[in-house]
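Student: Input sequences plus hints: build the corresponding full structure.
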Amino acid sequence: MPASPLTEAISVAIESDVLVIGGGLAGLTSALAAAREGADVRLVAAKQSTLRNASGLVDVLGYTADGEGPLVDPYDAIPNLPADHPYRTVGVDTVRKAMALFDEVTPRYRGGHTDANALLPTHGGTVKPTARYPAGVSDGIASDGRDALLVGIESMTDFDAPHVAAHLTAAGVPFDVRGVTIQFPGDLRADAAITRYAKLLDTNGTVTADGRECPVRAALADRVAAEHDGEPRIGFPAILGDDDPAEIRAALAERLDAAVFEVPMGPPSLPGLRLEDSLFAALDEAGVSIATGNPVVGYDGDGRVEQVYVEKNGARIPNSADQYVLATGGLVGKGIDSDRERVYEPVFDCHVAHADDRYDWFDREPFGNHDFARFGVHTDGDLRPVDGDDSVEFDNVRAAGSVLGGYDFAAEKSGSGVSIATGYAAGRSAARRAR
Amino acid sequence: MSRQTEVLVIGGGSTGAGIARDLSMRGVGVTLVEQGNLTHGTTGRMHGLLHSGGRYAVSDQVSAAECIEENRVLRDIASHCVETTGGLFVKRPEDSEAYFQEKLDGCAASGIPTEVLSAEEARAVEPHLAPDIEKAISVPDGAVDPFRLVVANAASAREHGARIETHSTVTDIRVEDREVVGAELDHASGPGKHVHGTEGGTEIIRADHVVNATGAWAGRTGAMAGVDIEVRPSKGVMTVMNTRQVDTVINRCRPKGDADIIVPHETAAILGTTDEEVDDPEEYPEEQWEVDMMIDTLAELVPMLRDARTIRSFWGVRPLYEPPSVDSDDPTDITRDFFLLDHAERDALDGLTTIVGGKLTTYRLMAEAVSDHVCERFGVDADCRTADVSLPGSEEFSVLRDYMDEFDLRSPIGRRSVERLGSRADDVLETSGPNPTVCNCEAVTRAEIQDAVDQSGSDLNAVRLRTRASMGSCQGGFCCHRLAGELHDDHEEAVVREAWDDLLRERWTGQRHALWGEQLSQAMLNYALHATTQNRDNDPADGDPVDFGAFDAGVAADGGDQRGD
Chain A
1 MPASPLTEAI SVAIESDVLV IGGGLAGLTS ALAAAREGAD VRLVAAKQST LRNASGLVDV
61 LGYTADGEGP LVDPYDAIPN LPADHPYRTV GVDTVRKAMA LFDEVTPRYR GGHTDANALL
121 PTHGGTVKPT ARYPAGVSDG IASDGRDALL VGIESMTDFD APHVAAHLTA AGVPFDVRGV
181 TIQFPGDLRA DAAITRYAKL LDTNGTVTAD GRECPVRAAL ADRVAAEHDG EPRIGFPAIL
241 GDDDPAEIRA ALAERLDAAV FEVPMGPPSL PGLRLEDSLF AALDEAGVSI ATGNPVVGYD
301 GDGRVEQVYV EKNGARIPNS ADQYVLATGG LVGKGIDSDR ERVYEPVFDC HVAHADDRYD
361 WFDREPFGNH DFARFGVHTD GDLRPVDGDD SVEFDNVRAA GSVLGGYDFA AEKSGSGVSI
421 ATGYAAGRSA ARRAR
Chain B
1 MSRQTEVLVI GGGSTGAGIA RDLSMRGVGV TLVEQGNLTH GTTGRMHGLL HSGGRYAVSD
61 QVSAAECIEE NRVLRDIASH CVETTGGLFV KRPEDSEAYF QEKLDGCAAS GIPTEVLSAE
121 EARAVEPHLA PDIEKAISVP DGAVDPFRLV VANAASAREH GARIETHSTV TDIRVEDREV
181 VGAELDHASG PGKHVHGTEG GTEIIRADHV VNATGAWAGR TGAMAGVDIE VRPSKGVMTV
241 MNTRQVDTVI NRCRPKGDAD IIVPHETAAI LGTTDEEVDD PEEYPEEQWE VDMMIDTLAE
301 LVPMLRDART IRSFWGVRPL YEPPSVDSDD PTDITRDFFL LDHAERDALD GLTTIVGGKL
361 TTYRLMAEAV SDHVCERFGV DADCRTADVS LPGSEEFSVL RDYMDEFDLR SPIGRRSVER
421 LGSRADDVLE TSGPNPTVCN CEAVTRAEIQ DAVDQSGSDL NAVRLRTRAS MGSCQGGFCC
481 HRLAGELHDD HEEAVVREAW DDLLRERWTG QRHALWGEQL SQAMLNYALH ATTQNRDNDP
541 ADGDPVDFGA FDAGVAADGG DQRGD
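Quick mapping for you: the protein sequence lines, in order, are chains A and B.
When we follow our numbering, the leftmost residue of the first sequence carries the number 1, and every step to the right adds one.
When we follow our numbering, the leftmost residue of the second sequence carries the number 1, and every step to the right adds one.
Simulated from the structure, these hints should not be mistaken for lab results.
Note that this is a predicted model, so its numbers are computed, not measured.
Treat the hints loosely; a few may be bogus.
Rough simulated footprint, nothing fancy, chain A against chain B, three-plus residues with beta-carbon under 8 Å [to be verified]:
id, region
1, 500-507
2, 513-526
A few chain B residues facing chain A, derived, Cβ under 10 Å [as the list claims (entries may be wrong)]:
id, residue
3, I295
4, L340
5, D537
6, G549
Simulated restraints on C-beta separations [as the list claims (entries may be wrong)]:
id, chain 1, residue 1, chain 2, residue 2, range
7, B, P324, A, R340, 37 to 45 Å
8, A, R196, B, E430, 22 to 30 Å
9, A, P346, B, A550, 23 to 31 Å
10, A, D244, B, G200, 49 to 57 Å
We treat Cβ as the ideally placed atom computed from N, Cα and C, and that holds for glycine.
Tutor: Structure below.
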């Protein structure tokens, strides 16, 4: 593509030691790891990260690649994963170091006190194994024997508390659990966004409930109290505030005289957004320069990337770095894309192995063994993408997170852990190699 | 268990439901049995075209004339099932001018009003038509929702005393002294509404007369009574786009051929189709080339289809029939007309009538023919009223009413609900509690879901067909668990879990034909939501017991950990 007048006007590219492409968990972790190594780091992201889709639970490994599990100790199982699994590429020690970095920058998270996975209730009524969890969900742990009351909101179809409670009972949880549905106090519209509830609770705004005006936290607690039968813990859908969820939980807990927890939900996920916020804050503190909303649309170089072009307001702005980290995500984040004929990696066109016949990309069963779930780039031991002959594509590009192939994060419950571990490894290695 | 009925109708598609309505309105006692959901067979697997008759105007003017007449009837009696989109027959440079003229003449001869549009005029109607099209013929095609239509017919039949049994398979037809006297049934879950996990059972229904309205399955049904019915099932693919690239039915103006129609349907556009004879109406290959052909060939008419997003594909099997003496080689040569087989006359077997061939647009006419025949047999002197009495949902219904304030629905949602429910909107949407949206893609609210659950038991696929919930772009990724939650109000958790799994499986089946680009991205997101966030792929309720004691029990129980947050 010919350079636009604006591009020509910029004679010097924006430079950094390490340029991270992608603003999801892998990109944020790699930028942080590279900055911790002393590199000058810049991060560019095409769009809002996919963390708003994520439950906010940080899984490392819940099931083996063969589907065995739930695994009690994820680290024990890593050495037995297939050889091309990203965890095998970075090794179990790196996974531990990466999780230690995660723990350090996310004080709201729990689970680091043990190698064992925790089982957490899901909004679908199952339990799932996870390695780290927000403090706000910790009182919901399924291995905790205390009885629980789940509270659903009548106009919130994503969390049907009586159904979740019955399903958890069928899952064999070691406590009695009961679900009730209440009307949220005030006059939020039936289709109000999750963030409306969170904002109202954050500000403890005044609502009119049962004919009198009252702060919303107290009004909500009173509605729940009418249904509460002494259960020592009470679970809510994950709507309890965006800014200071701990304060909201404490206020409800005090009025209800019970521990209060959240059950993570699907998009838009407040725990996912809170995680994104805390990681961006850590990056700010580490001095990483961040530009979001601008996709990478091209690059120069052969065997080594010299510079990439970032599209901004229709212009192609060159960004140059010594080392690059490709953390653009998988099929969901469009770091891997496809058409009727092929599967490809759109930024550097790195090789993505796939069957020629697109009908071989999936299994007949919805939860079958899907090839598409493992689509992504394959790498050498230093996370550098390789072509079909196992030759390194670019000397100075490393890949991290779900742009990597060879693992099915959904089945394994390994998505966050792989992003953190490979992000950490790629960022650290890139910084060490930078000039 | 054994019961008695006057007429047993086998088959819950448009024809069977239409017969059940017609006969019961004439005072005849009817039991209708269907092996799956209503519309389980061919009716639920068509492109939703309400024919003007234009497609048959050259090759089969009898069918064409029937179509335009029934088209007008359905606009009247089934207004809440019909969208009057209009249709175009579009001529490309390589399409024959002589055929274009034949089409015009044929429409005139069949009583189908037409108007010739220049390329500019056609593009003023449909801006995405290819730049090189030459001209078009405008006809009164429309779109019809087959699910809503059949459900409304069944509801009307029930109001007039008919018994409707879904998920009930006929396992044998009883013949005594050269007379059909009834049938044996296998109920998947006991009589009445289908509820997962409830014990099924067999039933013998004795009937004065049996009507075989099983379409592509008619040969199989006939064989149980010992008669040969030479149905020639022919498959066709339909590819569903995620949005409406066109708001008018677009036909290619050339003699019969594959991939020559685009039907706007609700939020989608449906591309069709192929015509390939198959041996078995249930087991036949669903192939990639068919999907690719729909996209590539129809992109000649509407170029933007080439890179547009498809959300799934499905196949239907036409119940084609021709008298054995005709013996066409090519299924596209077989007439689309319908045939009433009087087995008393044909096979010296009393008590059985078969209806085969035909098409959804003429279902009512087919039902009338069968009902006339049966009434004549029994000496019932009652006129057909189905062309004059509106279906439930289409009575005194004005789309101009503003339901938004009345039902506290935001306007696009309210409008969609009212379009689906027609004159039933008042009954269904009037609820005491909040009425949140359950399916965002198709704007389906809780009240509609609950109404469908009331009608169809624990079968979430039946709820889906009634409401369109989970049928939009996300293909259920965001709403399957919500539907499960809604179902739990009336059904136990284990029943809900099974229905939920059935829905996930059904949604996956059609999506597999659309897995590239945007829809593959959507499929991965759905998989992540269902497997990662919900862990439904390893649901401990379905699997081995979990040793909860071996896992992290947390640190909060002893009040120890208060750091951060």
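Student: Hint by hint, say whether it matches the structure.
Tutor: Hint check:
| no. | hint | verdict |
| --- | --- | --- |
| 1 | 500-507 | holds (count 3) |
| 2 | 513-526 | holds (count 8) |
| 3 | I295 | holds, 8 Å |
| 4 | L340 | violated, 40 Å |
| 5 | D537 | holds, 4 Å |
| 6 | G549 | holds, 6 Å |
| 7 | P324(B) to R340(A): 37 to 45 Å | holds, 42 Å |
| 8 | R196(A) to E430(B): 22 to 30 Å | holds, 26 Å |
| 9 | P346(A) to A550(B): 23 to 31 Å | violated, 43 Å |
| 10 | D244(A) to G200(B): 49 to 57 Å | holds, 55 Å |
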